[in-house]
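Enquirer: Sequence:
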Amino acid sequence: MNAAGGSWHSMPVSTPFRDHPAPPEDAIRSIRVASTLIDRFRSIVSTDPSSIADLELRIGESQQIYPEIWRHLEDARRVLVACGRDVGRIDELRDRELVSLGVTDVEITRELDVTALIVGRVRYSTSKTASFNTGGAARAEAVARALMEAMPEVDWAALARAEDREIAAAGSMQTHKWLGILKIAAAAAVVLGIAVIIERLATSVHEAPRPPLEAPQFDLASASRHTFVGLRTARIADLRASYAMTCDRAHLAELVQLLRDDGQPSTAQSLETKPCTRTLPSCDKLHVPILDRLLASHSLVRDRSLDFSCRGIVIGHPDSLQLAFAVVVSGHGTDHKPYTFRGVVPLDGEHDIVPFELAPVPFFVGTGDLDGDARDELVMVGGTQLVVTRIEDRHFVDLAGPSLPTSCQANANIERDLREDGKPLHESLVIAVEDPMPRKGCPEPGRHYFSLVGSALVED
Numbered sequence: 004m005n006a007a008g009g010s011w012h013s014m015p016v017s018t019p020f021r022d023h024p025a026p027p028e029d030a031i032r033s034i035r036v037a038s039t040l041i042d043r044f045r046s047i048v049s050t051d052p053s054s055i056a057d058l059e060l061r062i063g064e065s066q067q068i069y070p071e072i073w074r075h076l077e078d079a080r081r082v083l084v085a086c087g088r089d090v091g092r093i094d095e096l097r098d099r100e101l102v103s104l105g106v107t108d109v110e111i112t113r114e115l116d117v118t119a120l121i122v123g124r125v126r127y128s129t130s131k132t133a134s135f136n137t138g139g140a141a142r143a144e145a146v147a148r149a150l151m152e153a154m155p156e157v158d159w160a161a162l163a164r165a166e167d168r169e170i171a172a173a174g175s176m177q178t179h180k181w182l183g184i185l186k187i188a189a190a191a192a193v194v195l196g197i198a199v200i201i202e203r204l205a206t207s208v209h210e211a212p213r214p215p216l217e218a219p220q221f222d223l224a225s226a227s228r229h230t231f232v233g234l235r236t237a238r239i240a241d242l243r244a245s246y247a248m249t250c251d252r253a254h255l256a257e258l259v260q261l262l263r264d265d266g267q268p269s270t271a272q273s274l275e276t277k278p279c280t281r282t283l284p285s286c287d288k289l290h291v292p293i294l295d296r297l298l299a300s301h302s303l304v305r306d307r308s309l310d311f312s313c314r315g316i317v318i319g320h321p322d323s324l325q326l327a328f329a330v331v332v333s334g335h336g337t338d339h340k341p342y343t344f345r346g347v348v349p350l351d352g353e354h355d356i357v358p359f360e361l362a363p364v365p366f367f368v369g370t371g372d373l374d375g376d377a378r379d380e381l382v383m384v385g386g387t388q389l390v391v392t393r394i395e396d397r398h399f400v401d402l403a404g405p406s407l408p409t410s411c412q413a414n415a416n417i418e419r420d421l422r423e424d425g426k427p428l429h430e431s432l433v434i435a436v437e438d439p440m441p442r443k444g445c446p447e448p449g450r451h452y453f454s455l456v457g458s459a460l461v462e463d
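Quick note: the sequence shown uses this note's numbering, first residue 4, plus one each step.
Honestly, the hints are just simulated from the structure, not real lab data.
Remember, it's a predicted structure, so these values are computed and weren't measured experimentally.
Glycine residues also receive a C-beta, built at the ideal position from the N, C-alpha and C atoms.
Just so you know, not all the hints are guaranteed correct.
Unchecked claim - Computed Cβ-Cβ distance ranges for the label pairs, DEER-style:
(1) Ser308 <-> Leu234: 47 to 57 Å
(2) Ile55 <-> Gly138: 19 to 29 Å
(3) His429 <-> Ala85: 45 to 55 Å
(4) Arg74 <-> Gly138: 14 to 24 Å
(5) Thr337 <-> Lys277: 43 to 53 Å
(6) Gln67 <-> His429: 27 to 37 Å
Given the sequences, and given the hints that come with them, work out the whole structure.
Expert: As structure tokens, this is what we get:
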């Protein structure tokens, strides 16, 4: 009231929370988590690995991070759609996503020089290369920016600065710390939510209390739809894991259809058209405990002759496959004689799936699916002998391969067959004859591809 006896006049009050709904906190949290993971992904691929073990750690972490990036972006998009926000630009970018793996291709080569065996020397060469999905990370970053633009009322720069301070206090973004950083990002989003509430209270005028919300009605159709979507998501995850493990195209038709039903046509098309690269586990972390256990149980001596090989493989029945490790250990016993043992252990390495036994020949070439049944075989050589070994019902079944005369200069390896337009058809045993004038009984010069047909190796 003024001095002349007038009354207070209502003045317009700035109330942005009335004009624009409060920013959805779940979407903010998901976007910040996705942005943190994108930063970590770029950190992983920005420097060259120092060793094969370092590369394998980076591959493993990227394969964990990449699908989490897109999961959080999808979560944010769903919240924005539910709030009535415009996601047209987001959908345009999202539809360009072609793959859902952080590492799109891994090549491992470990060749045994058969020629050196003739003079009693063992010589291997090992290399590993990986292609990281930097294009997918760039698309994810563009989607994150578009999601932020759909919520202009949020001060994203201030939120990022707050998180940077938290991250600096927690430590640098080293391997295995990104889960802790996720918690920081989530906590920062919660802090933002509290700030939004405080600002709303500070800038709003007094309002009559809102009537209590009615209890939501149970929607049987919606609940059934939610259950179906959950089952479909779980089935997609199972099929993708099986396909990544075996590259068995028998899984592909159902997987592609489910992905299209789930609104992922680009991913479905990518799986249909791009070559598949199997993803198998690494047992680097189990090297020491497995070797220690074998040295104790088989009386091997820890000296310079000791050689340890461990490969991720697929075993089991075609309708019930599992991952495991094929292990070959060569060395001298306490009696000073050379021995080579082979066996199969589970992913924890704590016991034997196939008990360790003496190998028929001493040198390990590698593993691969040579007969196309989605299960792996072992290949070993010694002298002029080559042995292919199947794993059946928790024991080894040895099959004799082609034998070479002692004068033959050749290398043996297991490779993907890339002869048809560069697309891998299957894995093959490759015998490369390097002698331009081979002796009698030796294969012709060049690369010879063998597949396992029944119980015999047949040249393709």
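Enquirer: Hints first: check each against the structure and report whether it holds.
Expert: Results for each hint:
1. Ser308 <-> Leu234: 47 to 57 Å: 54 Å, holds
2. Ile55 <-> Gly138: 19 to 29 Å: 25 Å, holds
3. His429 <-> Ala85: 45 to 55 Å: Holds, since His429 and Ala85 (Cβ atoms, about 46 Å apart) stay within the stated range.
4. Arg74 <-> Gly138: 14 to 24 Å: For Gly138 against Arg74, whose Cβ atoms are near 19 Å apart, the range 14 to 24 Å holds.
5. Thr337 <-> Lys277: 43 to 53 Å: Between Thr337 and Lys277, where Cβ atoms are some 52 Å apart, the hint holds.
6. Gln67 <-> His429: 27 to 37 Å: At roughly 29 Å between Cβ atoms, His429 and Gln67 fall inside 27 to 37 Å, so the hint holds.
When held up to the earlier numbered hints, the structure conflicts with none and fits them all.
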